[in-house]
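We have chain G already, so just place chain C on it with the hints.
Protein sequences appear in the order of chains G and C.
So the first sequence is numbered by numbering that gives the first Met the number 0: it starts at 0 and just counts up by one.
So the second sequence is numbered by numbering that gives the first Met the number 0: it starts at 0 and just counts up by one.
Some clues are possibly wrong.
Derived lysine-lysine pairs resembling DSS-like cross-links, with alpha carbons at most 30 Å apart [what the hints assert, rightly or not]:
#1 C/K168 x G/K163
#2 C/K49 x C/K168
#3 C/K198 x G/K70
Cβ-Cβ distance ranges computed for the label pairs, FRET-style [to be verified]:
#4 C/L21 x G/E33: 29 to 35 Å
#5 G/A248 x C/K30: 45 to 51 Å
#6 C/K168 x G/E86: 34 to 40 Å
#7 C/R87 x G/T136: 49 to 55 Å
#8 C/K206 x G/G242: 41 to 47 Å
#9 C/V117 x G/L117: 14 to 20 Å
#10 C/N155 x G/E86: 41 to 47 Å
#11 C/P110 x G/S84: 56 to 62 Å
#12 C/V117 x G/V135: 38 to 44 Å
Not everything, but these chain G residues come out facing chain C in the computed CB check (under 8 Å) [to be verified]:
#13 E36
#14 I74
#15 H113
#16 V201
Hints are computed from structural coordinates only; laboratory data are not their basis.
Just so it is clear, CB atoms sit at the ideal spot from N, CA and C, and this is done for glycine as well.
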Amino acid sequence: MLLNRLIVCLDVRNGRVTKGVKFAGNVDVGDPVELAEQYSRDGVDELVFYDITASAEHRSIDIKMVEETAKRVFIPFSVGGGISSVEDMRMALLAGADKVSLNSLAVLHPEVLHEGALAFGRQCVVLGLDAKRVPVTPEIPSGYEVVIRGGRQPMGMDAVAWAKRAVELGAGEICLNAIDTDGVRQGYELTITRMISDAVNVPVIASGGAGTVQHLADAFTQGHASAALVASMVHSGEYTCSGIKHDLARMGIPVRL
Amino acid sequence: MIAILDYGAGNLTSVRLAFERLGAGAQVVTKAEEASRADRLIFPGVGSAKSGMEGLCGRGFDRVLREAFAAGKPILAICLGMQMLLERSEEDGGVAGLGLVPGSVVEFAFPAEERVKVPHMGWNAVHVPHPHPVFEGIPDNTAFYFVHSFYAAPTNPQDTAGETEYAGKHFTSAVARGSLIGTQFHPERSGAAGLALLKNFLAWDGKSCC
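If we strip away everything but chain G, and leave its shape as in the complex, we get (with noise of 0.2 Å):
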């Protein structure tokens, strides 16, 4: 049986893990290659590293710690964050990454998706999509409208049309973060993720929102999300990989053990 995946997501900010509240107020994590190493050790399925800075400052990915990261993990991570073309996309996969996530420059440039399964095949391109919830009108008759700029550009676009179309273009996972639950720990945003994981035959990570076992359970059933990123709930160290696990595996949800 295909078992439900725990993803810790790193948001790295000069060359530092941080954690902020909605995009915004960081506090220092730690350095991300040793986090990296000892999530891995705790038993985390996944890793997705986020360079937020990167970006902002015109460059492009932190190279040298997915080098790092790659030398001293062996499970799979992502990396996003700074990538502006496919050609960064290689750099990030020769150096060891597994999964590139595009976000914004997938809805500036839609045809990147495409270019980039072509070049690395689907498995490689995760598409980060951002979502904030809005009420419902004829051009986002979800409720839920695309929001790029780590959630400062509303797109006008519909959040499960944009999903549909990506994985039309080339996008082999979509990892969802609900601008609204980010970071605040009350759960994730359960109608949207369904929304998405029964519109789309690539799996959808629930991310945003996670503060209890019991929400990542709610992300798995609820959801119908076939992986669950935190962020807070194990930076803040009042949870563990491990622990996360073997409580999900109590509420009969399965995992790796």
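Frame of chain G, contents of chain C only:
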């Protein structure tokens, strides 16, 4: 020398680094002459069967693999590499494989209403039906990491070295024949269990068990 065959099918970084981690310097090779000098071969691969076979044959690695197999050199094939060991694949409208393992490679097919995600991606348990040296010390039903849409269907049940279930479908997730071991999953991405398997492969003399 351990050679990792580079025939243009995907990224070899993680495979190379996994062997480095185990203290075994595996060399990425692009030429058949280099590969034929190796004591063991790693045959990885990500991508499609057609371009994979073209790349493989274009570099003469098909001959190297056949000779190594005949000579009893340990060969580890991973993912697409494993699929290419079989006689044919239904990918890309039908592609002939190396035929070192009788059988074919078929695509996951599920009724649309079941909403099964393809590729089969993530961690899944591998049941080992009969002991094999590369699985030694790894508990039965240990989870490994998979990413694939096609799977091997060997003709002879004894060639199946691992079995996995996905959405009700039981498929062969590892094949073994003589000095050949192939895994559909990625040991280089399967954490401690994957490294244990690679370590076993390094210690294996290429003789099937029992």
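Results of checking the hints against the structure:
1. C/K168 x G/K163: OK: C/K168 and G/K163 at ~26 Å, within 30 Å.
2. C/K49 x C/K168: holds, 25 Å
3. C/K198 x G/K70: holds, 16 Å
4. C/L21 x G/E33: 29 to 35 Å: violated, 21 Å
5. G/A248 x C/K30: 45 to 51 Å: holds, 48 Å
6. C/K168 x G/E86: 34 to 40 Å: holds, 38 Å
7. C/R87 x G/T136: 49 to 55 Å: holds, 52 Å
8. C/K206 x G/G242: 41 to 47 Å: holds, 43 Å
9. C/V117 x G/L117: 14 to 20 Å: holds, 19 Å
10. C/N155 x G/E86: 41 to 47 Å: holds, 46 Å
11. C/P110 x G/S84: 56 to 62 Å: Distance hint for C/P110, G/S84 is violated at roughly 40 Å.
12. C/V117 x G/V135: 38 to 44 Å: violated, 31 Å
13. E36: Check failed: Cβ of G/E36 comes no nearer than 11 Å to chain C, outside 8 Å.
14. I74: holds, 5 Å
15. H113: At about 16 Å, which exceeds the 8 Å cut-off, the nearest Cβ of chain C leaves the hint on G/H113 violated.
16. V201: holds, 6 Å
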